[in-house]
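With our numbering, letter number 74 in the sequence shown gets 104, and the count goes up by one each step, no holes.
Keep in mind that the hints were calculated from the coordinates and are not lab data. Hints may contain errors.
Computed list of lysine-lysine pairs in DSS-like fashion (alpha-carbon distance at most 27 Å, straight line) [what the hints assert, rightly or not]:
id, residue 1, residue 2
1, K151, K110
2, K151, K128
3, K128, K142
4, K198, K51
5, K142, K52
6, K207, K128
7, K151, K136
8, K206, K110
9, K198, K151
10, K110, K47
11, K136, K47
12, K51, K110
13, K51, K136
14, K110, K136
15, K47, K207
16, K52, K198
17, K128, K198
18, K110, K128
19, K198, K110
Label-pair distances were calculated between CB atoms; the ranges are [said to hold, decoys possible]:
id, residue 1, residue 2, range
20, W179, F62, 47 to 57 Å
21, L125, K51, 47 to 57 Å
22, R114, A78, 41 to 51 Å
23, G152, N188, 28 to 38 Å
24, F149, M101, 22 to 32 Å
25, P100, K51, 15 to 25 Å
26, K51, V176, 47 to 57 Å
All C-beta atoms in this analysis are idealised placements derived from N, C-alpha and C, irrespective of residue type, glycine included.
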Amino acid sequence: MIFFWFKYILYSVMDNKVLRKKIISSFFVALFLTLCLCCGVPLIIIFAGNNTVVMVIGIVCTVVGFYGTPMGWISFGNAKSLERVVLAVTAENLLTVKDIAAQLGKTEAQVKESLTVCFQKGYLFGYVFDGEAISYNANRHPTEKVMSWVCPNCGATNTYLLTDGVVKCPYCGSVKK
31 MIFFWFKYIL YSVMDNKVLR KKIISSFFVA LFLTLCLCCG VPLIIIFAGN NTVVMVIGIV
91 CTVVGFYGTP MGWISFGNAK SLERVVLAVT AENLLTVKDI AAQLGKTEAQ VKESLTVCFQ
151 KGYLFGYVFD GEAISYNANR HPTEKVMSWV CPNCGATNTY LLTDGVVKCP YCGSVKK
């Protein structure tokens, strides 16, 4: 069962590395704080009269775990909630606040707030949010211009972006010079 949760947390259908990194780091911080709480109490009990240094470490672990565990899991839950909003936009192509709210079971105000956070933190890129709807960003960098060329070996017409490094013909493999 525990391997299912690690798989659920570490592997995602999403390609957004920034958000995935946030989810993984918040999970491990929350897990560490939970372990501090669980290990701190026995350290206090076992070493109460014998070893005061270990007992103090147990007290510190308990306090840090007691106050940090809820905050850690809330941070993880918020990151997973933002992941769900990003997936609704990117994978399900839901582009209005109303559609996203209906799909996720949230209010429109919550969805607007989540979308604003996603755009501010860079979790959604290539889109523009006007407050009610999301649209694809039509403004592209000038170097992303699509070019075409005819392969001198096989005569096939191919397209490529100016940002591409080495351009090869997909049919015969010859390199564009």
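Verification of the supplied hints:
1. K151 to K110: Holds, at roughly 14 Å.
2. K151 to K128: Since the Cα atoms of K151 and K128 sit roughly 22 Å apart, the hinted pair holds (cutoff 27 Å).
3. K128 to K142: Answer holds: K128 to K142 is near 10 Å, not above 27 Å.
4. K198 to K51: violated (34 Å)
5. K142 to K52: Measuring from Cα to Cα gives roughly 20 Å; hence the hint holds.
6. K207 to K128: violated (50 Å)
7. K151 to K136: holds (21 Å)
8. K206 to K110: violated (44 Å)
9. K198 to K151: Since the Cα atoms of K198 and K151 sit roughly 36 Å apart, the hinted pair is violated (cutoff 27 Å).
10. K110 to K47: holds (14 Å)
11. K136 to K47: holds (25 Å)
12. K51 to K110: Holds, at roughly 11 Å.
13. K51 to K136: Holds: K51 and K136 sit about 25 Å apart, inside 27 Å.
14. K110 to K136: holds (14 Å)
15. K47 to K207: Distance of about 34 Å is beyond 27 Å: violated.
16. K52 to K198: At roughly 37 Å apart (the allowed maximum being 27 Å), K198 and K52 break the hint.
17. K128 to K198: Distance of about 44 Å is beyond 27 Å: violated.
18. K110 to K128: Holds, because 20 Å separates the two Cα atoms, which is no more than 27 Å.
19. K198 to K110: Violated: K198 and K110 sit about 40 Å apart, past 27 Å.
20. W179 to F62: 47 to 57 Å: With a Cβ separation near 54 Å, W179 and F62 satisfy 47 to 57 Å, so the hint holds.
21. L125 to K51: 47 to 57 Å: violated (26 Å)
22. R114 to A78: 41 to 51 Å: holds (45 Å)
23. G152 to N188: 28 to 38 Å: holds (33 Å)
24. F149 to M101: 22 to 32 Å: holds (25 Å)
25. P100 to K51: 15 to 25 Å: Hint holds: Cβ distance 22 Å, inside 15 to 25 Å.
26. K51 to V176: 47 to 57 Å: Violated - the Cβ-Cβ distance for K51 and V176, about 31 Å, lies outside 47 to 57 Å.
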